[in-house]
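Novice: Residue numbers (this note's numbering), protein chains in the order written: chain A, 1 to 180; chain B, 1 to 189.
Where hints are given, some of them may not hold.
What the hints assert, rightly or not - Some, not all, of what chain B presents toward chain A, calculated at C-beta under 7 Å:
#1 Pro12
#2 Leu25
#3 Ala29
#4 Ala38
#5 Val42
#6 Pro43
#7 Phe84
#8 Ala107
#9 Ala109
#10 Phe126
#11 Leu130
#12 Thr141
#13 Ala183
By construction, these hints were calculated from the structure, which means they are not laboratory data.
Idealized CB from N, CA, C, for every residue including glycine.
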Amino acid sequence: MAMFSAFNRLALQGFGGVLPVAQRELVDRLQWLTPQQFLELLSLSQVLPGPNIINLGLILGDRHFGWRGAVAAMAGLLLAPTGIVLLLAISAAQLRDVPQVAGALRGMGVVAAGLVLSTAIKLAPGLRDHVLGLPTAAALVLLTAAAIGLLRWPLVAVVLGLGAVSVALAWWRSGPEEPA
Amino acid sequence: MNPLLHTLLWGPLHFGAADWWQLFLHFMALSLLAVGGAITTVPDMQRFVVGEHRWLSDAQFNDCIALGQAAPGPNVLFVAVIGFSVGGLAGVLATLTGTLLPSATLALAASRWGHRNAQSRGLRAFTAGLTPLTIGLLVATGWILLQPVGLRLGAVALVAATLWLMLRTRRSPLWAIAAGAAAGLLGWV
Numbered sequence: 001m002a003m004f005s006a007f008n009r010l011a012l013q014g015f016g017g018v019l020p021v022a023q024r025e026l027v028d029r030l031q032w033l034t035p036q037q038f039l040e041l042l043s044l045s046q047v048l049p050g051p052n053i054i055n056l057g058l059i060l061g062d063r064h065f066g067w068r069g070a071v072a073a074m075a076g077l078l079l080a081p082t083g084i085v086l087l088l089a090i091s092a093a094q095l096r097d098v099p100q101v102a103g104a105l106r107g108m109g110v111v112a113a114g115l116v117l118s119t120a121i122k123l124a125p126g127l128r129d130h131v132l133g134l135p136t137a138a139a140l141v142l143l144t145a146a147a148i149g150l151l152r153w154p155l156v157a158v159v160l161g162l163g164a165v166s167v168a169l170a171w172w173r174s175g176p177e178e179p180a
Numbered sequence: 001m002n003p004l005l006h007t008l009l010w011g012p013l014h015f016g017a018a019d020w021w022q023l024f025l026h027f028m029a030l031s032l033l034a035v036g037g038a039i040t041t042v043p044d045m046q047r048f049v050v051g052e053h054r055w056l057s058d059a060q061f062n063d064c065i066a067l068g069q070a071a072p073g074p075n076v077l078f079v080a081v082i083g084f085s086v087g088g089l090a091g092v093l094a095t096l097t098g099t100l101l102p103s104a105t106l107a108l109a110a111s112r113w114g115h116r117n118a119q120s121r122g123l124r125a126f127t128a129g130l131t132p133l134t135i136g137l138l139v140a141t142g143w144i145l146l147q148p149v150g151l152r153l154g155a156v157a158l159v160a161a162t163l164w165l166m167l168r169t170r171r172s173p174l175w176a177i178a179a180g181a182a183a184g185l186l187g188w189v
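Chain A with its partners taken away, still in its complex shape (with noise of 0.2 Å):
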């Protein structure tokens, strides 16, 4: 029940993704994760197919609760957000013309692009005692951001390639001397 209210909290506050307000509320508010432990389990959920906040959800759900606490919080991420995202499109046929609407959509538009900046900024830090070093962990950010964003090369290319160059490094430098 905790796990239904908590996701459907950040769900219903999540204009324009809900990435930024699961960080602020597991994190900050919750304390359910360390930032650490946000970052990987974020990354865990971007390499998986399908939507990344709902296999957050779905994990940690899975962890703390078994395959309840899973259902609880994708319930509680999809059930209201689904009801309300329909009753905007049946009155969006009539609405869609309407400049005030149009210029408030983009106006959150704006706002969506700097909560998700703000959660790049957040989790930065979790790469200072990165085991690939500061140096090359951000520039491999930079790569990143420059072939996706600016170049806009498909993803799967992008998480193929820089992510295999990436993941060897990793593994080169952890070692076999670390306790395994």
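Put chain B on the given structure of chain A with help from the hints.
Specialist: Positioned in the frame of chain A, the structure of chain B alone reads:
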């Protein structure tokens, strides 16, 4: 049946059981290709729904995506709007469960396997290697979301204000969203 109720359940088109299965199976197939989120499979959804079946026009399809982004909740809900526009509530069932069922099953299986083998060197290298990419993808997403508006003064100020609120205060992001809606309403961005 009451025609209004019929439209609600099955949508405005003559959408039948065979169409429903096609929609469901197509979204199931895309589910496992959606690395990085459902938004990455939009081009193929468009090809299927608009190009191949002509269930929606180009403009209608774009409206579905915009609505999904604007509404509260996960962005993946744009697939529910596509489903609703094509086939009413039955269409929602087809697109939403089609999109989520395969990926959710895989996520749970992978997570349980990963948790048991959390200490293996391979898995540690895997997650550590991907964290810089995760942050890079967030930066790219922020950048792409800004493109429709461009780097105009109002937009830059709004992004700066959002960053300040999120990094320097403990207020809910809802304040930033409300401010953004107001600024847009007044024509500042």
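Novice: Hint by hint, work out which the structure violates, then give me just those numbers in ascending order.
Specialist: 1, 2, 3, 5, 6, 9
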